[in-house]
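Student: Chain residues, written in single-letter form:
Number of protein chains: 2
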Amino acid sequence: MILPTYDDVIDAANRISRHVHHTPVFTSAYFDRRVGASVHFKAENLQKVGAFKARGAMNAVLSLTDEDASRGVVTHSSGNHGQALANAARVRGIAATIVMPHHAPAVKVAAVRGYGATIVFCDQAEREAILTEVQAESGATLVHPFDDAAVIAGQGTASLEFVAQVPDLDVIVAPIGGGGLLSGASIVGDYAGVDVVGAEPDVVDDSYRSLRDGVRHPATGASSIGDGLLTGIGELTFAVLHAASRTVVTVSDEEMLDAMGTVASRMKLVIEPSSGAAVAAILKYSDAFHAKRVGVILSGGNVQLSVLGGLPAT
Amino acid sequence: MILPTYDDVIDAANRISRHVHHTPVFTSAYFDRRVGASVHFKAENLQKVGAFKARGAMNAVLSLTDEDASRGVVTHSSGNHGQALANAARVRGIAATIVMPHHAPAVKVAAVRGYGATIVFCDQAEREAILTEVQAESGATLVHPFDDAAVIAGQGTASLEFVAQVPDLDVIVAPIGGGGLLSGASIVGDYAGVDVVGAEPDVVDDSYRSLRDGVRHPATGASSIGDGLLTGIGELTFAVLHAASRTVVTVSDEEMLDAMGTVASRMKLVIEPSSGAAVAAILKYSDAFHAKRVGVILSGGNVQLSVLGGLPAT
Numbered sequence: 001m002i003l004p005t006y007d008d009v010i011d012a013a014n015r016i017s018r019h020v021h022h023t024p025v026f027t028s029a030y031f032d033r034r035v036g037a038s039v040h041f042k043a044e045n046l047q048k049v050g051a052f053k054a055r056g057a058m059n060a061v062l063s064l065t066d067e068d069a070s071r072g073v074v075t076h077s078s079g080n081h082g083q084a085l086a087n088a089a090r091v092r093g094i095a096a097t098i099v100m101p102h103h104a105p106a107v108k109v110a111a112v113r114g115y116g117a118t119i120v121f122c123d124q125a126e127r128e129a130i131l132t133e134v135q136a137e138s139g140a141t142l143v144h145p146f147d148d149a150a151v152i153a154g155q156g157t158a159s160l161e162f163v164a165q166v167p168d169l170d171v172i173v174a175p176i177g178g179g180g181l182l183s184g185a186s187i188v189g190d191y192a193g194v195d196v197v198g199a200e201p202d203v204v205d206d207s208y209r210s211l212r213d214g215v216r217h218p219a220t221g222a223s224s225i226g227d228g229l230l231t232g233i234g235e236l237t238f239a240v241l242h243a244a245s246r247t248v249v250t251v252s253d254e255e256m257l258d259a260m261g262t263v264a265s266r267m268k269l270v271i272e273p274s275s276g277a278a279v280a281a282i283l284k285y286s287d288a289f290h291a292k293r294v295g296v297i298l299s300g301g302n303v304q305l306s307v308l309g310g311l312p313a314t
Numbered sequence: 315m316i317l318p319t320y321d322d323v324i325d326a327a328n329r330i331s332r333h334v335h336h337t338p339v340f341t342s343a344y345f346d347r348r349v350g351a352s353v354h355f356k357a358e359n360l361q362k363v364g365a366f367k368a369r370g371a372m373n374a375v376l377s378l379t380d381e382d383a384s385r386g387v388v389t390h391s392s393g394n395h396g397q398a399l400a401n402a403a404r405v406r407g408i409a410a411t412i413v414m415p416h417h418a419p420a421v422k423v424a425a426v427r428g429y430g431a432t433i434v435f436c437d438q439a440e441r442e443a444i445l446t447e448v449q450a451e452s453g454a455t456l457v458h459p460f461d462d463a464a465v466i467a468g469q470g471t472a473s474l475e476f477v478a479q480v481p482d483l484d485v486i487v488a489p490i491g492g493g494g495l496l497s498g499a500s501i502v503g504d505y506a507g508v509d510v511v512g513a514e515p516d517v518v519d520d521s522y523r524s525l526r527d528g529v530r531h532p533a534t535g536a537s538s539i540g541d542g543l544l545t546g547i548g549e550l551t552f553a554v555l556h557a558a559s560r561t562v563v564t565v566s567d568e569e570m571l572d573a574m575g576t577v578a579s580r581m582k583l584v585i586e587p588s589s590g591a592a593v594a595a596i597l598k599y600s601d602a603f604h605a606k607r608v609g610v611i612l613s614g615g616n617v618q619l620s621v622l623g624g625l626p627a628t
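Which chain is which? The protein sequence lines are A and B, in order. Residue 171 in the working numbering sits at position 171 of the first sequence, with consecutive numbering throughout. Counting from 1 along the second sequence, just add 314 to a position and that's the residue number in the working numbering.
Careful, some of the hints might be misleading.
Claimed, not checked - Output of the computed footprint for chain B on chain A, the stretches with three or more beta carbons under 8 Å from beta carbons of chain B: (1) 44-58; (2) 259-268; (3) 294-308.
Honestly, the hints are just simulated from the structure, not real lab data. Here the structure is a predicted model, which means the values were calculated and not measured. Virtual Cβ for every residue (Gly too), placed ideally from N, Cα, C.
Chain A extracted, bound-state conformation (with noise of 0.2 Å):
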């Protein structure tokens, strides 16, 4: 197994820079004072498809030769990562499949379709046969949301920006689901001398497992607010995280949908449940964050309305 490395992340914002934003960083003198640290936010939510998943899909469509990328990609998600490939897709000017749940929602939909991309609706169950279907077929490349050299190199980027717009930062908290957007903050943050800790829901803790026993255990099955951390950690981003003995902390739905609420009301950004686990955290942990500079990776703002209205304006 070859671990992406800091050159791939240069060489990923070389590839990418004029395909996606680079998104502005905010601070807020109420989350200084609550945590008791200088706290800056990097507005993924802000990011193209409405993600930092744009990153990491770009490198990889951007890093496919001409031949693998005439016959197209295809992934699986029903999530930010699909609309983030078939964007990609589009950009190179190529052909996207991307396989859906039957219960994906109906915007998502829209949205990978408004991308042009194809979408093949499947069965939990059936998954990985249709995705070897397509492949066969078509020829075309498997894009993993996160398992992937290139897409870790891609979310790498976020970080990457972070540092050249926060000088000195001490840590950087983000997400971690399968672990892309939290390797690619690990490999900048081993070069540029930064702490980098993960937060997910203390319901599907297996990534908070994995690192502290050096092993990776499966996800849990658990459903969470968190939509986008209930898959497991990969095996290729679980190895980057261990070598560089990163730590997990966790966080229940309730201070997840909390965290959102405050950043809705006090920075006025609208983020998803899962960028509500890294704002939860420093909130809940602030003692480890005292007086650091502390960033704050705000990873998506996709998200139903109706989610942000059942909140308490704080």
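Using the hints, position chain B against chain A.
Tutor: Showing chain B alone in chain A's frame:
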């Protein structure tokens, strides 16, 4: 009546720049497509106190002589101006008294109190008497929410930044309640050769009719979701806008709500209903903006999240 000038806006910018945010400008491929124009959004919802009002109040407070400042400031407001004046007074280290209606939302009362201001509750009928009383007792300077040259000049700094951030704007669209924001935009627009258009709820269309007829009409007294826009156009603001032959367009509450939801789901920004008026205007009157370089001021982001939650994702 002496109207504020472009030089006053420049002076205001120099005076307040260290105490307010230089807010970012965002674009959205979605809005460009829907309007058929190049649309730029000035994010005053990310301004201190969550609205452009921070600018005018700051300029008014920093413009006071030391002697006047020592006696404090007073205003009446149930909304953003109260917070803005309380914040400005805190920055200068002087006393502020905010006269608020008994029914003011608890969250707004808490915000004003959080800035260290004194709150006096009153009924609408006794408001003027209480303001007079506070002024008589303390010698405090009244800072009117909009009919004040220093406030107008301060609000103009939003547009001053905007035309510097986006060269060759054809038109700036902003909501109008009392008219401070739009008057400031008009002064800058005159100098920079940029057209300026106001947007207001159709049920409180006094500004629309006043500028159409060249006569200042009183507020309609109707209610609208655009709670920052219910007040009638001011004397001074009418004079500024009438002299520049500005026009106002009207939108329905439903169109404002739809615009808020679209900004939240497409741009991941929380805006208040009043801001929705300007966004709704470019969607409703897209023909008038076709192929132009359009600037929209997202005037504020102070809204109960439950309002957002009732909106469909677009």
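Student: A separate judgement is required for each hint: does it hold in the structure or not?
Tutor: We went through each hint and held it up to the structure:
Under a criterion of three residues with beta carbons nearer than 8 Å to beta carbons of chain B, the stated coverage of the segment 44-58 of chain A is upheld, 3 such residues being counted. Residues of the segment 259-268 of chain A with a Cβ under 8 Å from some Cβ of chain B number 5, which satisfies the need for three, so the listed coverage holds. Interface restraint, the segment 294-308 of chain A with chain B: holds (6 residues with C-beta to C-beta distance below 8 Å; minimum three).
Hint compliance for this structure: no hint is broken.
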